[in-house]
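Sequence lines, in order, name chains A and B. Heads up: the first sequence runs through residues 643 to 1020, numbered per our numbering. Heads up: the second sequence runs through residues 15 to 263, numbered per our numbering.
Please keep in mind that the hints were generated in silico from the structure rather than gathered at the bench. Be a bit skeptical, because a hint or two may be false.
Covered by chain A, per the in silico footprint, the following chain B stretches (three or more residues, Cβ under 8 Å) [what the hints assert, rightly or not]:
(1) 80 to 93
(2) 102 to 108
(3) 131 to 143
Far from chain A, by Cβ distances over 10 Å, these chain B residues were calculated [to be verified]:
(4) K19
(5) T35
(6) L36
(7) M98
(8) R154
(9) F176
(10) G243
(11) E245
(12) K253
Think of the CB as a built atom: it goes at the ideal place given N, C-alpha and C, for glycine as much as any other residue.
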Amino acid sequence: MSAVSPIEARKAEALESFRVRGMPHRRFEHWRYSDLRAVLDAGQVAAAGTAHWQIGEVPDGVEVFDLAKPAPPDWVVKNLGNIGNRPTMEEASLAFAQGGAALRVAKDRKIPQILPLTVSSTGNLRLLIVLEEGACLTLAETHAVDAGLLRNVGVEIALGRGAELTHVRIAPNAPKSFTVEHIAVGEARDARYRAHFANFGSRLSRTELHLVLREEGAEAHISGVNVLGGESHADVTTHIEHAAGKTHSTQQFKHVAGGKSRSAYQGKITVREGANGSDSRQTAKAVLTSTRAEADLKPELIIFADDVKCAHGAAVGDLDAESLFYLRSRGIPEREARRLLVRAFLEEAVAEIGNDELRAAVWRDIEAVLPRALEQAR
Amino acid sequence: MLEIKNLHAAVDGKEILQGLTLTVEAGKMHAIMGPNGSGKSTLSYVLAGREGYEVTAGSISYDGHDLLQLKTEERAAKGIFLAMQYPVEIPGVSTLTFLKTALNAQRRARGDSELDAMSVLKLVRKKAEALQVSEEMLKRPLNVGFSGGEKKRLEILQLSLFEPKLAILDETDSGLDIDALKLVADGVNATRSPQRGMLVITHYQRLLTYIVPDRVHVLAGGRIVAEGGKELALELEAKGYAQVAKEPA
């Protein structure tokens, strides 16, 4: 009698859990602004198949395992489906994806070049990224646009002691698709996760991050932009847990919504009992460039510890009329002035991307979407 | 160059300008003096084309154009420049980028070729020196963290850079100490030219010691109530607005 492997057991559990919980909808906690059940049923998720992934040249020091292959190495068995809180759509990606990519950077290896990872086609997909102690990696996750109905990606990231991952995720405008991605991150002592989520919207786009700062000295610096036009939607939901003292997190999100688009940010920070000396900051701002656009920002702080620093701010507004007048009075046409002000508004969040090449790539995509994001819908 | 006739203008439904008539000539420095609430800033915003400032009657002719038919940016491209009392701070846009964008937008609108970044930098540097606008200031986001004096100097730098036909200076002296005032006044005086009409709007006579006007117009209750030469400014200082406003224009 052959024993069921731990991964198979987790997949079976995930399948059962997804069957019981079903599709997320507005009455689910944290799915208020993205009613997935209204547009998609569980059968469609199960039948969506498996999305494709592609990794550029694999640098020395990085190990890649194709999850479609048999006999996964121990580090995959240990981690796959085992990080994070497994919300329902993540259960679905675990249960239904017949493949995906697992990456590991060995102890103390610092990879100087950017590792590009592209997700394409339709279906469920799993990604696992393991950085061992002292390892360092910059991952550029991009998404190819196609006419597929659903892309549901479950990403798990395990950062060992002192490991550093920079994760830039660019999701281009995919007006025909529903795109869901859940990113679960677990960080050991002194580890650092820097992420930037650039969302250009889809029929329904959901990016959810659940990050646990498990040990002292762990840090997370998350930034992102939603730049939306037409009838696009993008929802970014984060939950950062300070589970240990002296942990540090910052979040900086800027959203621009034009046309009839809808942009949402929900940011929950939990400071666990005993996580003294932790420091968390969160800022989310949205600019509406059209009267028909909508932005929802919802910060949430849950604090069980004393001696913590928590700062948060959220604001939705129009482009500043006085600034617009000033620029126009200097001869800058209204359209160009609005573009300049929106760029200026986004600057703070994009500047969080430390890598010049990736920052330039995000700016290029922003420029491409801006004309639509500045459109006034009738 | 600028002819304002019987101008009535309202803000939020309240009529501020009530039949203002004023002519500004090329090559002349005109000063408008008036107490708080007389309509000085309203006049400058109406001339620049700010939204929310509704002209209910009267006309403004500028250099052969019906000014009220032109958009804000078109007015700028046709040579109207308003140095503002409170220049706005715009984080995320560097001062130099702003100057380049504005200069090229005006050039484009006039059918001139755009200048490349290097040419703009050279031009700006040349003008900036006299106004003590440092390289470091040019790199900073527009007006962010600038002192009152720095903001006003940057306004005058733009005046010098854009070379407008009609320059309107709204309370350019407000918030300046005497050294900063002299520096700004020197900058303004350096831009005086036979082709350029200038309109200085001020509450106090002080500025007019340094920027000597050819004509002084007294604005009270939304109308020009007295006009004269530069000596009128001194008379106002001595007698006060209330007294002068009562005397027939």
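Find the hints from earlier in the document that the structure breaks and name them by number, from lowest to highest.
3, 7, 9
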